[in-house]
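Sequences are here, hints too, so could you generate the full structure?
Protein chains in written order, with this note's numbering: chain F, 42 to 106; chain S, 42 to 106; chain A, 42 to 106; chain L, 42 to 106; chain E, 6 to 265; chain Z, 6 to 265; chain C, 6 to 265; chain B, 6 to 265.
Check the hints yourself; a few may be wrong.
[Stated by the list, open to error] The calculated lysine-lysine pairs, modelled on DSS-like cross-linking and capped at a C-alpha distance of 30 Å, are:
no.: 1; chain 1: E; residue 1: 36; chain 2: E; residue 2: 20
no.: 2; chain 1: B; residue 1: 20; chain 2: B; residue 2: 149
no.: 3; chain 1: B; residue 1: 103; chain 2: L; residue 2: 88
no.: 4; chain 1: E; residue 1: 43; chain 2: Z; residue 2: 175
no.: 5; chain 1: E; residue 1: 125; chain 2: C; residue 2: 179
no.: 6; chain 1: Z; residue 1: 175; chain 2: B; residue 2: 20
no.: 7; chain 1: S; residue 1: 65; chain 2: S; residue 2: 45
no.: 8; chain 1: E; residue 1: 36; chain 2: Z; residue 2: 252
no.: 9; chain 1: Z; residue 1: 175; chain 2: Z; residue 2: 72
no.: 10; chain 1: B; residue 1: 125; chain 2: B; residue 2: 175
no.: 11; chain 1: Z; residue 1: 179; chain 2: B; residue 2: 103
no.: 12; chain 1: L; residue 1: 49; chain 2: L; residue 2: 88
no.: 13; chain 1: B; residue 1: 20; chain 2: Z; residue 2: 149
no.: 14; chain 1: E; residue 1: 250; chain 2: Z; residue 2: 43
no.: 15; chain 1: L; residue 1: 92; chain 2: L; residue 2: 43
no.: 16; chain 1: B; residue 1: 149; chain 2: B; residue 2: 125
no.: 17; chain 1: Z; residue 1: 175; chain 2: E; residue 2: 179
It should be emphasised that the hints constitute simulated quantities derived from the structure, not laboratory data.
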Amino acid sequence: MKIKLNGKNIESNSHNLMDLVMEKGFDPASLVAEVNLQVIRQDAWEKLALKDGDSIELLSFVGGG
Amino acid sequence: MKIKLNGKNIESNSHNLMDLVMEKGFDPASLVAEVNLQVIRQDAWEKLALKDGDSIELLSFVGGG
Amino acid sequence: MKIKLNGKNIESNSHNLMDLVMEKGFDPASLVAEVNLQVIRQDAWEKLALKDGDSIELLSFVGGG
Amino acid sequence: MKIKLNGKNIESNSHNLMDLVMEKGFDPASLVAEVNLQVIRQDAWEKLALKDGDSIELLSFVGGG
Amino acid sequence: MSEIKEDTLNLGGVKFTSRLLTGTGKFASKKLIAPMLKASGSEMITVALRRVDPTADEGNILNYIPKSVTLLPNTSGARTAEEAVRIAMIAREAGCGKFIKIEVITDMQYLLPDNHETLKATTILAKEGFIILPYMMPDITVTKQLYDAGAAAVMPLGSPIGTNRGLEMKPMIKMIIETSNLPVIVDAGIGRPSQAAEAMEMGADAVLVNTAIATSGDPSMAGRAFAMAVKAGRLACLADMADEKQKAQASSPLTGFLRE
Amino acid sequence: MSEIKEDTLNLGGVKFTSRLLTGTGKFASKKLIAPMLKASGSEMITVALRRVDPTADEGNILNYIPKSVTLLPNTSGARTAEEAVRIAMIAREAGCGKFIKIEVITDMQYLLPDNHETLKATTILAKEGFIILPYMMPDITVTKQLYDAGAAAVMPLGSPIGTNRGLEMKPMIKMIIETSNLPVIVDAGIGRPSQAAEAMEMGADAVLVNTAIATSGDPSMAGRAFAMAVKAGRLACLADMADEKQKAQASSPLTGFLRE
Amino acid sequence: MSEIKEDTLNLGGVKFTSRLLTGTGKFASKKLIAPMLKASGSEMITVALRRVDPTADEGNILNYIPKSVTLLPNTSGARTAEEAVRIAMIAREAGCGKFIKIEVITDMQYLLPDNHETLKATTILAKEGFIILPYMMPDITVTKQLYDAGAAAVMPLGSPIGTNRGLEMKPMIKMIIETSNLPVIVDAGIGRPSQAAEAMEMGADAVLVNTAIATSGDPSMAGRAFAMAVKAGRLACLADMADEKQKAQASSPLTGFLRE
Amino acid sequence: MSEIKEDTLNLGGVKFTSRLLTGTGKFASKKLIAPMLKASGSEMITVALRRVDPTADEGNILNYIPKSVTLLPNTSGARTAEEAVRIAMIAREAGCGKFIKIEVITDMQYLLPDNHETLKATTILAKEGFIILPYMMPDITVTKQLYDAGAAAVMPLGSPIGTNRGLEMKPMIKMIIETSNLPVIVDAGIGRPSQAAEAMEMGADAVLVNTAIATSGDPSMAGRAFAMAVKAGRLACLADMADEKQKAQASSPLTGFLRE
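Right under this line is the structure:
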């Protein structure tokens, strides 16, 4: 399945958003996820099935002034 | 005939622009005239007949920074 | 008896320094006294007899920066 | 003969001031000479015999602010 | 001095006792942030949002900020009003509350803000119910427009971000303080407590300090220093102090002394 | 931040915790002095000596100063070293202790000190065992001479007495701080807490503030403001803060965001 | 020093030898303008356009300006881009040539320009073939946009019109000079020749001075003074002068002298 | 502008048209001095005296200075009044005329002058009939004493020698200009024409510039730039220019335009 993650086109077999986060080895606790310009709360990550062409942004809060 | 001169509604009997300038006692030499948003060169002032509802601006250059 | 008090020549009948302070109506508590360039402590004022020609400075502490 | 030149004790055989200047290889034109705290004009250099213990300063004007 | 007890900073209806806003950028270790907040008493701190970086596992900055401190997400990285709006939306969705520092920068050399894009973003986000603190070039006309657009304050810069050069824009900031209907928070460039104090003496409502505290040898000590300076400047502003004098005025009696 | 606890000002062997010296001139009422001292925590305050004035019964200023505060009599009114010495002697005899602020002024327009007479008075009084704080025109050469003469500190002026113009002599004071073997106390002209903080950030050991506090609408509030500013500037000086930068330095990551 | 002969200011393809622009406002008598232009050598001067005033017969300002001097009509009075465009059109139709100083002001207190409306007017008038000199708030981002919009130069203000406060915006103007693709003409607030010289030393291409010349006791003398200062600053900029030094550097040999 | 023709600088009875004094230190080549003097129109230039150096045959500096230019030997290298007096005597004996710049320096770090030794040397040399220009720390009290001692002018420093930092001591120099009975020549630290112009606008009678001219890429161009700036500042001082204003003052009519 082809998806776009943080601006890059990648191939993924993850069924849902949580799988993808795990596949990429990120710590869910520190992530904010946006799928097709929609912010998805963490409790919904497992329910959210990914489909071909999805555009996903995985973000986190960092130090800034 | 009702016209608007420099933003004020006035009553005038001037047949053309030059008459109006004279009627108001301005020195033509130092004036710039705009009739209905059109700048009119001085040599055309006598030819330019005024009609009811005309909006006329009589301007001059002054000191400025 | 002629003495000089704070730069002014005056006539006084005071027998001692304390008399002079009283004569002038000053509050001893807030004064510093110098007689002939000698600072005199208050407990010695009564004992200090004045003599003609003495130069006396009566000073006090005031606000200053 | 022992003399002091510009603060240094030196041995010299020069008979007069001009000899000394030559001996040291200086250009007379650019020098100011002081012997025993006395400024000596150049026309007098040849006449001025040096003697043991003389203190001589040979100076020149340089760039300064 | 009782009125001081009542002296609070009101941003969009939320009251703050501290007039020192801080930031989370540039700390040698995130562990230094909490003690700095404690030492400075700062009640609001900025954070940024970025695409997660697989290489660096830095952990969530939010975990290093006590819950009692209000978060002020910024829109750094945005080069247009649209991008700023999107970042603001994400930050709020992510649970950071409704405060947002709008920061739109296209000048990559001095990192000076784009006032017009900032104004556009403010107009949009105000309608979305955000409490908006726009980072801006000191400009009286834009200050009025930001007020009309629904900003909760203006944050004119003192000097370029991270320069520690202080109130280079002082004359313009003074005019903004004099004419603004909004609280004025001097942001960026404040490198010394004395500069923070000066801003407050001029009548600024608050200052935001990040670099000077985060990059100092002892962020807690520096944070405490800035907090005291901000308070000192605020008190001076309230204590009705005398103006500059052209002539000297003796503080001791000038009468010649011990002289006939 | 423990080292701060130990941070004391040493003047002639006497240690002080507060680095804010105050003055008793220009107060609307002497009753305002004690609360100001309490609010500011100042541990040393100046007083002047004058021929008693029969007309004005102002009462003894000393009665308005808590015993815990060290007195610093000044020699104001003196126009020569000799007069300054005499005033110092009287003040000590009168029980004011051995601290003395030497102030010799012949310029009656700007009230600027006469460095040479001040140096002469310092030389004499040092031999008499006084702890001497000379008020001076900022001058490196004279600072060295005052050190050799036995002064306990130097007190260069920031700007003319009572002008509130702050550190007009800043560049020269910086050079003095850099080269002096004595503590440097910036005296005169400091009109705002920010200016006091700046002096401390530069490395001054203390500041003396009288007019700005005494003539403010609320001397206690102003005194507290100056105390905080002095502390803030001192902490900043100890916190090893970064210098000014020519170029801007982002405090948030500069990576473009949400952009392909 | 031959290269100086070639040193000209290029505005929209028109070359000028003098880098001092002047204005016709505030003169006690219009008769003072021509001699001022002669004494200063200024080659370009501003004029304004207004509804004719029946009460005051002041005569046509253009009659007091030698034909050899280029006219720079301004759009003062305009509060929107549209009004500025209309004034520019009238001025050109009236035979004032194609130079126009865009001035759009809504802030009636400090008369500071509205950068966004100014940018809009520039975009429109550039398409109409005007040579556009926009008066602006010093702003790097807007400077780039004005360049893209087709301006012939930028005219950032030094300080508010008529204040004589000089280069209050100096740090921002420096950044503009460093980054701008357009000639930079510092306009407004320049009150002393030294300030004009400083702007030129910083690398400004020209300055516009009106109030300081027109309101001086001797406009011709003042005009000459500003002309010399502008030239001096320009030469200094070209003469490759040394920077500031932290340490002193003797200009005479430091060797002790007449000392063993 | 006729009075300007008469405007001369009077030093000890000798009149000068140029108010720019220059120096011979730090030139890459002595051959650059004459053209610089021609370009700047400077009528007085400093030289120093040193023990002849066998190693360096630099030739006599005097041969590089046109006879029409007045020599101003300095006493650099002197650390006491006595040494300064001796150097002055030698210089005069050597045919350099009776002008002398007294320079006594013991501070080897910032090269700041010793005012007291300078005053002593002035007192002695005045009796010997010299025309004395003492280099000094800006100090009102010492200025009065130098006047009483017979100096022909005072030369307060703007900032430390060779730093190009300009009028760091501006406030004190202003007070000296206001109160001095002697001509005031600002010496040392002037690094830009704008700074020279500013000194003249303040009312200084002349400036002495060496380092900034000698070390520039083109000393003749720099000399010309400083000459123009000094003239510009002098004219501004005579042209009775308006002061700074707090509020903006329109230079164009403020009437709204083309608006009903």
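Hints and how they fare:
1. With a C-alpha separation of about 27 Å, the suggested pair residue 36 of chain E and residue 20 of chain E falls inside the 30 Å cut-off, and the hint holds.
2. Proximity of residue 20 of chain B to residue 149 of chain B is assessed by CA-CA distance (about 23 Å); at most 30 Å being required, the pair is judged to hold.
3. Under the criterion of a C-alpha separation no larger than 30 Å, the hint pairing residue 103 of chain B with residue 88 of chain L is consistent with the structure, at around 27 Å.
4. A threshold of 30 Å between alpha carbons decides the hint, and for residue 43 of chain E with residue 175 of chain Z the separation of about 34 Å lies outside it, so the pair is violated.
5. Between the alpha carbons of residue 125 of chain E and residue 179 of chain C the distance comes to roughly 28 Å, so the proposed pair stays at or under 30 Å and holds.
6. For the hint linking residue 175 of chain Z to residue 20 of chain B, the alpha-carbon distance of about 36 Å lies beyond 30 Å, and the restraint is violated.
7. Restraint check for residue 65 of chain S and residue 45 of chain S: the C-alpha separation of about 13 Å stays at or below 30 Å, so the hint holds.
8. With a CA separation close to 28 Å, the supplied pair residue 36 of chain E and residue 252 of chain Z stays within the 30 Å bound.
9. Annotation: proposed proximity of residue 175 of chain Z to residue 72 of chain Z is violated, straight-line Cα distance about 35 Å (limit 30 Å).
10. At most 30 Å may separate the alpha-carbon atoms for a hinted pair to count; residue 125 of chain B and residue 175 of chain B meet this at roughly 26 Å.
11. Of the pairs offered as hints, the one joining residue 179 of chain Z and residue 103 of chain B is violated, with about 37 Å between alpha carbons and a cut-off of 30 Å exceeded.
12. As the CA atoms of residue 49 of chain L and residue 88 of chain L are separated by approximately 24 Å, the hinted pair is consistent with the 30 Å bound.
13. Between the alpha carbons of residue 20 of chain B and residue 149 of chain Z the distance comes to roughly 39 Å, so the proposed pair goes past 30 Å and is violated.
14. The suggested pairing of residue 250 of chain E with residue 43 of chain Z holds, with an alpha-carbon distance near 28 Å, which does not exceed 30 Å.
15. With a CA separation close to 8 Å, the supplied pair residue 92 of chain L and residue 43 of chain L stays within the 30 Å bound.
16. Between residue 149 of chain B and residue 125 of chain B the alpha-carbon distance is near 13 Å, which keeps this suggested pair within the 30 Å criterion.
17. Taking the CA atoms of residue 175 of chain Z and residue 179 of chain E, the gap is near 23 Å; set against the 30 Å cutoff, the hint holds.
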